[in-house]
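> Read off the chains here:
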Amino acid sequence: MGPSLLVDGVVVPILGLAALGIVVGYVAGMFGIGGGFLLTPLLVVVFHVPLPIAVGSGLCQMIGTSLVSFLRHRTARQGEARFDVLMLPGCLLGVTAGAHTLTFLAGAGSLHLGSYSIPWVTAVVETCYAVMLLFVAWNYWRHGGAKVDVLQYLRPGPLSRVRLGPAIDLPRPGLQGVSAMLIAQIGLAMGFLSGLLGIGGGVALNPVLIYGFGFPMRQAVGTGIVVLFVTAVVGTVEHALRGHVHLGLATVILVGATVSAQFGALATRRISGRALGRIHAVVIFAAVAAVLWDLVSRLFGIY
Amino acid sequence: MQSWLYALECVAIPCAIGITMYVLFDLWSRRRAAAHPDHPLPPVDYMI
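Residue numbers (my numbering), protein chains in the order written: chain A, 593 to 895; chain B, 1101 to 1148.
Check before you lean on any hint, since a few could be wrong.
A partial selection of chain A residues facing chain B, derived with a Cβ cut-off under 10 Å [as the list claims (entries may be wrong)]:
#1 S649
#2 S658
#3 F662
#4 L663
#5 E830
#6 V837
Rather than coming from a laboratory, the hints here were simulated on the basis of the structure.
The beta carbon of each residue, even a glycine, is placed where N, CA and C say it ideally should be.
From just these sequences and the hints, can you work out the full model?
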């Protein structure tokens, strides 16, 4: 079977983990995302890693990927720093609340539906995954194009017109009078998702920035990276203190993912923007199918 | 309940791997750019 890791009583083959890291990293490099939304559910579905450990270890490896991202973007002058600053306090509160919620759900027993039962933590977290991923996949399918510059111009979206509390100008994307309160609340929501689901939030933040506020693609890609790094650090510490981080697992995936991301980025040259968007949507739909299968099989005891 | 030392390890080790990978691939992309000036590597824009 080869070398393996023991993760909370579950034997996980190291080669399999490395392969998962390579696949997730390749997809991440191809679409310009981190891949946390794929990694955590696949750890649960493919390797049967307990959900809290999949979430904590996913956040842990994200420290490495977000640091690489920050180093790459630091000289590119992409992204709106004011948006990051306004999101940060909410993100820190949210990630802590998300970690507490996950711990509470993990100890909450099972949800009983007739003669069937499923742990509350699986039911809630996997349902959240499925709903969020369906929304994101639908957006990508509808609009096409992921990392490509399909939206280089400013097109103020509905969220840029919300009037709630003090307003702030965002010079980089060229938006004026945007609600600072709304940005802080988005930070809270993104932080909560990170702490609960082990994702960076970029997969959800990207559509919010582009289709919600009307950020040009390049500015959207550079926004939130600092927040992401800080959120990943705080989330990792919160989960590590609760015993929800397996450092070996996170390390194997991180190495595989960072190497293959380079080749995923190279592959984008040969694919058109619209096809890239559609492939992105199909990948996310596949992740949703895996999550739903896991949910149903656990509920009906098919394992 | 794990210790703060373990939590610190969980932050420090991914940081060290991230920085190492960044340096290695930066070096690789520079060498590649020098060898193929018309075909630079596309950026890996992690949104995460």
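> Give a verdict on every hint.
Taking the hints in turn, this is what the structure says about them:
no. : hint : in the structure
1   : S649 : holds, 9 Å
2   : S658 : holds, 6 Å
3   : F662 : holds, 9 Å
4   : L663 : holds, 5 Å
5   : E830 : holds, 9 Å
6   : V837 : holds, 5 Å
In the structure shown, no violation is registered for any of the earlier numbered hints.
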